[in-house]
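If you read the sequences in order, they're chains H and B.
With my numbering, letter number 10 in the first sequence gets 17, and the count goes up by one each step, no holes.
With my numbering, letter number 40 in the second sequence gets 227, and the count goes up by one each step, no holes.
Any given hint could turn out to be false.
The calculated DSBU-like cross-link candidates involving lysine-lysine, where the alpha carbons are at most 30 Å apart (straight line), are [claimed, not checked]:
no., chain 1, residue 1, chain 2, residue 2
1, B, K242, H, K58
2, H, K58, B, K260
3, B, K252, H, K73
FRET-style restraints, in silico, Cβ to Cβ [unchecked claim]:
no., chain 1, residue 1, chain 2, residue 2, range
4, H, D56, B, Q193, 37 to 45 Å
5, H, S44, B, G226, 23 to 31 Å
6, H, D56, B, L277, 20 to 28 Å
From the derived model, a few chain B residues whose C-beta atoms are all more than 10 Å from chain H [claimed, not checked]:
no., residue
7, S190
8, S192
9, K196
10, D197
11, A200
12, P202
13, Q216
14, G219
15, R221
16, D228
17, K229
18, Q236
19, N258
20, N263
21, L277
No lab work stands behind these hints, which were simulated from the structure alone.
Because the structure is a prediction, the values reported are computed rather than measured.
Where a beta carbon is used, it is the ideal one built from N, C-alpha and C, also for glycine.
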Amino acid sequence: MNLKFPAGIFSSCFSHTLKFSTAFSSFFTEMSLSEKSDEEISTLLTAYDIKHGPIVDSTRKLYEKKLEKAMENAPVKASSDKTYYREEEEEITYITYHSADRHEGYADMLKRRGNAETDEDEESDQDTEPAIKMTNRAANHSAVRSKEAVRKSGGSMWKRLTTVEPKMIKTCGLIHFRK
Amino acid sequence: MSSTSQKHKDFVAEPMGEKTVMALAGIGQVLGTRLEEKGFDKAYVVLGQFLVLKKDEELFRDWLKDTCMANSKQQNDCFSCLKEWCDAFL
């Protein structure tokens with residue numbers, strides 16, 4: 008299936024996301040663990056989903072060791088990235104509906120359905136904005152996921168769309184994935 | 188429970204009070220001295236460390252290993268001893 012989206016957007020957005028991730032991880036590894044404050048260690052432990060007790064003199068070294076091990080295994084906090092992408096996955100259905108005014112109500116519905124937890128995406132309220140803008144915004148967040156949708160032949164994506172309203176799909180000219 | 192020693196049974200049978208660190212199962216003369224040198228001179232101080240680690244097995248065993256070079260069996264004995272004591276008295 009051919010993707011009508013310019014491939015460039017995906018690669019540039021993806022690399023942008025990657026850079027963000029690596030920057031994120033390097034922020035944490037910049038200082039050595041022993042230089043960090045107790046609260047920072049505590050925050051890091053939580054970020055890696057490590058249950059921990061108080062960071063005091065006698066426990067600090069143990070937690071630093073644990074963090075080092077965790078950092079080696081997963082330098083970027085993968086799970087939070089995954090969550091991020093997954094949320095975005097809902098948003099892509101919204102994009103495809105976006106071309107005409109009558110789709111507005113639908114896009115709203117999809118948006119509400121998919122993005123209950125993503126308050127940061129509230130800006131996407133303007134349903135009447137041109138398709139390209141919306142598309143880019145979502146693509147910026149997770150080009151990878153868009154690719155995935157394509158790779159699966161938009162399978163799962165399609166399931167979602169078809170349950171919503173098959174007719175709309177036919178009429179909406181923006182559905183690139185179909186091809 | 189089949190492998191708990193007499194020491195273990197004695198320790199978990201009553202409140203530890205002022206018992207020395209060598210009363211703990213798994214902690215003999217050598218390890219006891221090492222712990223005392225580090226300031227852990229009473230069983231309740233080791234209990235304190237155990238509790239501040241939130242009774243986490245892995246962390247407590249690591250701590251024992253780092254502090255007094257306890258081997259795996261000794262770590263195990265000490266951990267189960269303290270854990271059982273806590274279950275009974277804490």
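Hint numbers contradicted by this structure:
Structure breaks hint 18 only.
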